[in-house]
Every structure is written in C-alpha cells, then in structure tokens.
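**Q** First residue of the sequence shown: 1, per the numbering used here; consecutive thereafter.
Calculated from the structure, these hints are not laboratory results.
Predicted, not measured: the structure shown is a model, and the values here were computed from it.
Be aware that one or more of the hints could be misleading.
[What the hints assert, rightly or not] The calculated label-pair distances, taken between Cβ atoms and stated as ranges, are:
(1) Pro26 to Tyr67: 19 to 27 angstroms
(2) Asp28 to Thr54: 17 to 25 angstroms
(3) Ser44 to Gly23: 17 to 25 angstroms
(4) Asp20 to Glu69: 19 to 27 angstroms
(5) Glu69 to His17: 12 to 20 angstroms
(6) Ile30 to Val66: 20 to 28 angstroms
(7) Trp37 to Gly61: 18 to 26 angstroms
(8) Val66 to Leu21: 16 to 24 angstroms
(9) Asp20 to Val65: 33 to 41 angstroms
(10) Ala63 to Asp28: 27 to 35 angstroms
(11) Phe43 to Glu69: 33 to 41 angstroms
No residue lacks a Cβ here, since even glycine has one placed at the ideal position from N, Cα and C.
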Amino acid sequence: MGDVRWGRTVIGAEAAHLQDLDGVIPEDSILAPGQRWSWTVSFSDPAGAEKALTHEQVLDGLARVVYGEYEGPRAGSCWA
C-alpha cells in the first residue's frame, strides 16, 4: 500500500446530510442521535489505483472470514 491517508466520517441515519458541498463533514458538526464518528483509510494499490476502506467494510470482511459465506450446515466453517 502506498500513500495511506486516514480520515474521519460519520455513520448512522442520514449521515450524508452532514457533508458540505465538497463532500467533507465539518469537524464541528453536531451529530444526531444514532450518528457517530468513525474512520476511513485511503491508499493506492501496487498498480497505483486509488482504494478506500471504511470500518464497516473491514468488519464485514472479518465476519466473512470468521463465519464463512455459507448458509445451512456449512455456515460458520472456514473449511467448507
């Protein structure tokens, strides 16, 4: 990974409404009930393509690794 940049974002209901015209959420934003600050990370892959991850994508990926992507008897097995 190259050019790693950490950022902040807001998650929760209607969080996108907090963005200004540049797509940035001001640091002094007043969050509504159910909203909270979270993180993002942007980087370039070895080919130079820009990529970004949020905490939600990371947690989803970890859940798929731990619990698998199967339903039924194979669910929860990483050896299926």
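**Q** Determine for every hint whether it applies to the structure shown.
**A** For each hint, the structure was consulted:
1. Between proline 26 and tyrosine 67 the beta carbons are some 37 angstroms apart, a value that contradicts the proposed interval 19 to 27 angstroms.
2. In this structure, aspartate 28 and threonine 54 meet the distance hint of 17 to 25 angstroms, their C-beta atoms being roughly 22 angstroms apart.
3. Taking 17 to 25 angstroms as the suggested C-beta distance range, the pair serine 44 and glycine 23 conforms, at roughly 19 angstroms.
4. Against the hinted window of 19 to 27 angstroms, the Cβ-Cβ separation of aspartate 20 and glutamate 69 comes to about 38 angstroms, which falls outside the hint.
5. Between glutamate 69 and histidine 17, the C-beta spacing of about 33 angstroms breaks the proposed range 12 to 20 angstroms.
6. About 36 angstroms separates the C-beta atoms of isoleucine 30 and valine 66, a value inconsistent with the hinted range of 20 to 28 angstroms.
7. At roughly 21 angstroms, the beta-carbon separation of tryptophan 37 and glycine 61 lies within the given 18 to 26 angstroms, and the hint holds.
8. The hinted window of 16 to 24 angstroms between valine 66 and leucine 21 is violated, with their beta carbons roughly 40 angstroms apart.
9. Between aspartate 20 and valine 65 the Cβ separation comes to about 36 angstroms, which falls inside the hinted range of 33 to 41 angstroms.
10. For alanine 63 and aspartate 28, the Cβ-Cβ distance of about 34 angstroms falls inside the hinted range of 27 to 35 angstroms, so the restraint holds.
11. About 25 angstroms separates the C-beta atoms of phenylalanine 43 and glutamate 69, a value inconsistent with the hinted range of 33 to 41 angstroms.
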